[in-house]
Amino acid sequence: AQSVTQLGSHVSVSEGALVLLRCNYSSSVPPYLFWYVQYPNQGLQLLLKYTTGATLVKGINGFEAEFKKSETSFHLTKPSAHMSDAAEYFCAVSDRDDKIIFGKGTRLHILP
Amino acid sequence: GAVVSQHPSWVICKSGTSVKIECRSLDFQATTMFWYRQFPKQSLMLMATSNEGSKATYEQGVEKDKFLINHASLTLSTLTVTSAHPEDSSFYICSARTPLGYGYTFGSGTRLTVV
Numbered sequence: 012a013q014s015v016t017q018l019g020s021h022v023s024v025s026e027g028a029l030v031l032l033r034c035n036y037s038s039s040v041p042p043y044l045f046w047y048v049q050y051p052n053q054g055l056q057l058l059l060k061y062t063t064g065a066t067l068v069k070g071i072n073g074f075e076a077e078f079k080k081s082e083t084s085f086h087l088t089k090p091s092a093h094m095s096d097a098a099e100y101f102c103a104v105s106d107r108d109d110k111i112i113f114g115k116g117t118r119l120h121i122l123p
Numbered sequence: 413g414a415v416v417s418q419h420p421s422w423v424i425c426k427s428g429t430s431v432k433i434e435c436r437s438l439d440f441q442a443t444t445m446f447w448y449r450q451f452p453k454q455s456l457m458l459m460a461t462s463n464e465g466s467k468a469t470y471e472q473g474v475e476k477d478k479f480l481i482n483h484a485s486l487t488l489s490t491l492t493v494t495s496a497h498p499e500d501s502s503f504y505i506c507s508a509r510t511p512l513g514y515g516y517t518f519g520s521g522t523r524l525t526v527v
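Chains as they are written, first to last, in the working numbering: chain A, 12 to 123; chain B, 413 to 527.
Keep in mind the hints are simulated off the structure, nothing from the lab.
Honestly, I wouldn't trust all of these hints.
Here are some, though not all, of the chain B residues that point toward chain A, as calculated from beta-carbon distances under 8 Å [what the hints assert, rightly or not]:
hint: 1; residue: Leu-456
hint: 2; residue: Ser-501
hint: 3; residue: Ile-505
hint: 4; residue: Pro-511
hint: 5; residue: Phe-518
hint: 6; residue: Gly-519
hint: 7; residue: Ser-520
hint: 8; residue: Gly-521
hint: 9; residue: Arg-523
hint: 10; residue: Val-526
The C-beta atom is built at its ideal place from N, Cα and C for all residues, glycine as well.
Okay, chain A solo, but in the shape it has when bound (with noise of 0.2 Å):
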């Protein structure tokens, strides 16, 4: 069975500053990985997936994550941090069986 932790459930970083939201994953077959983002009572919207190919993902909004296979990670990273990115996010892996296994979701703060 497949499972996901994100470490840290709180994560600050000053405006300007890189983002780096940490994702690790357990997989028994080459896993579909997932980040989404989440802002108060609303639902979710991805960022970016990685399913097969280039290793480094771009997504939205400026982030982008590598899929490390050797690290079972996914790392979510964004050069420069804006207010607006102020939100849950949350790392999530499919074995291809239809279902999304998410992370617990690290709520990032942006300092001005």
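Position chain B relative to chain A; hints supplied.
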């Protein structure tokens, strides 16, 4: 494209009553939809997988008689919380697999408050 509309966005109901939440795929056909529950400041927990024209598949620990799921068409799945109680208060989110590429699109969620 691949938009999922969820309605209502919030609802308050009295304890003992039933509430129906709708999830519609607006510009694509969704043979499979998923229903999640999210407690405050927690992750999404998959409740059930809804398949068009057949019975839903519930996750372990989810009461199928309390959370009735109907997927009668390729664009509509409904979740009915029956005999709601305050402990059913939560944020419910539906999702559908997108037709192109491999991904999932989510509804905007429904905040249910049972008083």
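Hint by hint, here is what the structure shows:
no. : hint    : result
1   : Leu-456 : holds (5 Å)
2   : Ser-501 : violated (14 Å)
3   : Ile-505 : holds (5 Å)
4   : Pro-511 : violated (13 Å)
5   : Phe-518 : holds (4 Å)
6   : Gly-519 : holds (5 Å)
7   : Ser-520 : holds (4 Å)
8   : Gly-521 : holds (5 Å)
9   : Arg-523 : holds (6 Å)
10  : Val-526 : violated (17 Å)
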